[in-house]
Amino acid sequence: MDARATSEAKGPDARAEALVSAYERAGYARLSPAILQPAEPFLDLSGEDIRKRMYLTSAPGGGEFCLRPDLTIPVSRDYLASPAAGQVAGLCYLGPVFRHRKGEPAEFLQAGIESFGRADKAAADAEMLARGVEATSNYGLASPDIRIGDVALFAGLIAGLELPAAWKRRLIKDFNRKANLAQDLERLMLGGTNGRPEYQGVLAALAGSDPKGAHALVTDLLSIAGINAVGGRSVGEIADRFLEQAALGASTRLPRDVRALIERFLAIAGDPDQAAADLRALAKDANLAAALEPALDLFEHRTGFLAAHGIDVKRVRFATAFSRGFDYYTGFVFELTDPARTGDPLVAGGRYDELLTRLGSPQPIPAVGFAVWIERLAVYGGGP
Amino acid sequence: MSAPLVLAVPAKGRLQENAEAFFARAGLALIKPRGARDYRGAVAGLDGVEVAYLSAAEITSQLAAGAVHLGVTGEDLVREMIPDADARVVLVEGLGFGFANVVVAVPQAWIDVRTMADIDDVATAFRQHHGRKMRVATKYVNLTRGFFSDYGIHDYRIVESSGATEGAPAAGSAELIVDITTTGTTLAANGLKVVEDGVILRSQANLVAARTAPWGAAERELARVILDRVAAQARARAFREVRARFAACDARLLETAREKFGVVTPFGGPTSSGMLTLHCPPAEVYALTSYLREHGAEAVAVADLGYVFSKDNPLFAKLEAGL
Numbered sequence: 001m002d003a004r005a006t007s008e009a010k011g012p013d014a015r016a017e018a019l020v021s022a023y024e025r026a027g028y029a030r031l032s033p034a035i036l037q038p039a040e041p042f043l044d045l046s047g048e049d050i051r052k053r054m055y056l057t058s059a060p061g062g063g064e065f066c067l068r069p070d071l072t073i074p075v076s077r078d079y080l081a082s083p084a085a086g087q088v089a090g091l092c093y094l095g096p097v098f099r100h101r102k103g104e105p106a107e108f109l110q111a112g113i114e115s116f117g118r119a120d121k122a123a124a125d126a127e128m129l130a131r132g133v134e135a136t137s138n139y140g141l142a143s144p145d146i147r148i149g150d151v152a153l154f155a156g157l158i159a160g161l162e163l164p165a166a167w168k169r170r171l172i173k174d175f176n177r178k179a180n181l182a183q184d185l186e187r188l189m190l191g192g193t194n195g196r197p198e199y200q201g202v203l204a205a206l207a208g209s210d211p212k213g214a215h216a217l218v219t220d221l222l223s224i225a226g227i228n229a230v231g232g233r234s235v236g237e238i239a240d241r242f243l244e245q246a247a248l249g250a251s252t253r254l255p256r257d258v259r260a261l262i263e264r265f266l267a268i269a270g271d272p273d274q275a276a277a278d279l280r281a282l283a284k285d286a287n288l289a290a291a292l293e294p295a296l297d298l299f300e301h302r303t304g305f306l307a308a309h310g311i312d313v314k315r316v317r318f319a320t321a322f323s324r325g326f327d328y329y330t331g332f333v334f335e336l337t338d339p340a341r342t343g344d345p346l347v348a349g350g351r352y353d354e355l356l357t358r359l360g361s362p363q364p365i366p367a368v369g370f371a372v373w374i375e376r377l378a379v380y381g382g383g384p
Numbered sequence: 001m002s003a004p005l006v007l008a009v010p011a012k013g014r015l016q017e018n019a020e021a022f023f024a025r026a027g028l029a030l031i032k033p034r035g036a037r038d039y040r041g042a043v044a045g046l047d048g049v050e051v052a053y054l055s056a057a058e059i060t061s062q063l064a065a066g067a068v069h070l071g072v073t074g075e076d077l078v079r080e081m082i083p084d085a086d087a088r089v090v091l092v093e094g095l096g097f098g099f100a101n102v103v104v105a106v107p108q109a110w111i112d113v114r115t116m117a118d119i120d121d122v123a124t125a126f127r128q129h130h131g132r133k134m135r136v137a138t139k140y141v142n143l144t145r146g147f148f149s150d151y152g153i154h155d156y157r158i159v160e161s162s163g164a165t166e167g168a169p170a171a172g173s174a175e176l177i178v179d180i181t182t183t184g185t186t187l188a189a190n191g192l193k194v195v196e197d198g199v200i201l202r203s204q205a206n207l208v209a210a211r212t213a214p215w216g217a218a219e220r221e222l223a224r225v226i227l228d229r230v231a232a233q234a235r236a237r238a239f240r241e242v243r244a245r246f247a248a249c250d251a252r253l254l255e256t257a258r259e260k261f262g263v264v265t266p267f268g269g270p271t272s273s274g275m276l277t278l279h280c281p282p283a284e285v286y287a288l289t290s291y292l293r294e295h296g297a298e299a300v301a302v303a304d305l306g307y308v309f310s311k312d313n314p315l316f317a318k319l320e321a322g323l
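Protein sequences appear in the order of chains Z and D.
Every letter in the first sequence is one number past the one before it in this note's numbering, and letter 195, counting from 1, is 195.
Every letter in the second sequence is one number past the one before it in this note's numbering, and letter 238, counting from 1, is 238.
In short, the hints are calculated from the structure, not lab data.
Be careful, since some hints might not be right.
Unchecked claim - Below, a sample of chain D positions facing chain Z; criterion: calculated Cβ distance under 8 angstroms:
{"id": "1", "residue": "I111"}
{"id": "2", "residue": "D121"}
{"id": "3", "residue": "A125"}
{"id": "4", "residue": "F126"}
Quick reminder that beta carbons are idealized off the backbone N, C-alpha and C, glycines included.
Based on the sequences and whatever the hints tell you, model everything.
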């Protein structure tokens, strides 16, 4: 199949250039990261699933490289390598990205913005959504469908619940990955998934004992067996999780009321103002005000800023269950689609406050941004 | 006419010996008319077939490309190397050798890990604890990715390994592995255990057909002949012939024999003189003979079968359906 983009065949897209020029005038410096990137950060941050969609190659001296499958990670890396690293910086880009896609060219254009270091998160989030709408308007679609979510709300809910750590990890992971959360809740309700017949007696004996003593016993037993660190997991880690499983026991089940609460939470959807009221009511009923307060405050502030950007908040569709399926998002997420057509996002983005730390930044740097699919917008006739 | 049908056979080792023995049993002796070092051969007494001796991996990619018509290779390689394998090749028949399981194995010291769900949880915890992802050493990159994805496991990295994969955890280059194992001995020797629900694929050598190879009338006819013999031999291997003569044999008795012992009656019921011929799975032979004698058979003879040719050709039907 011909992997070349239609973009070059058609020549430069004047409307895409106009869009990025507008971003530059708004104070976002344009960056053109290298097309050939080390593969490691993409595989590490986006997961192995992306490997089959990437164009990978290896250097003669070793090391895997790829044609960049997106621009968020390359822009973030360039920012971290620049003198501005750690400071507030607004960056924008326009250029080709490369992914295997069934029935579509593998090379396609993306534009976008990455905003680093802004402490006023609610305002920064709202501005990104507004800039995203600017992109669709640039092509003549002034009122795209706006779907938003907020990963931090679910994280707040789970943090506030009295659940075993292992279950919390699992529920958060399911949520981020768009995995079947409902099915997992069902399984936790049934219990018994942690049953370990061959160790049942030992586990039962340890379950009631002093945790420190039990930990020492298990690590000692492993040491006697001549086992120190095996495959990167320390004996201490193995002992910790072994005892965690012991504490869970075969009979531990997700309490009915907790499940009902999670389901009530995930059912909250609608316009952001109504959703915020519903979430406040839920927090009050479940005694979770302290856990949900910070995320809810940010959520409400953000909605205020959205209105200030001229976005009709009543038209924004919020859902607590909405996530983009990547685990690097930590808060606000959004997608713009065409009301007349369903499916693929035209613009999508969100907040990823931990990404820069995972790319090696010594201090946490808040970050939010979005990407625009140029070819999907190019079919619209409007714009300059 | 030059050889229109290309049959690819492993060029080395046990797989070659087994494949040659397999074809020989089916009455298809593979010969190398130009000497043992030649990588091209023929089938004795069957003109028009060219035998290509290649590595198993090469056979797999040639099948995917349609450059050979039929080939002997492991299902593990087919599933690993050919994206959307069922659209490109037809697995015609498992050959009964080259058995190997592709499995997920972790250090035995991981006493907290028994299932894939445990691995999922450990993976998430590992990333939180170490700030990097758990590494899986394997040469089965695609099988691993698909299997882990089915279990919703995402916090891991694949480290490609082309040999001695089972040593990776001890060497510190990976936390766990995905590899083939036949008996599990090598895994155990390296302090590894197979995760309970971690069998990705139960593989064996297969006779595989390439859908995209040029299948003209001549090629089809040759494939029909080869598969007819393979099927006759496969069917002969799956049964013993049991012969008995007794008057009390009736339809009800035969029905019971079919249900209880999986018996088939290739020549119908007893003849007028009371001779009965049954084909019975080897494991049930003794039970069947006891049953027949209890119901009045005087003597029961059991014999191995050489070939069982039948009117239909199920393997060729399978191939035709796939082309």
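Violations among the numbered hints: none
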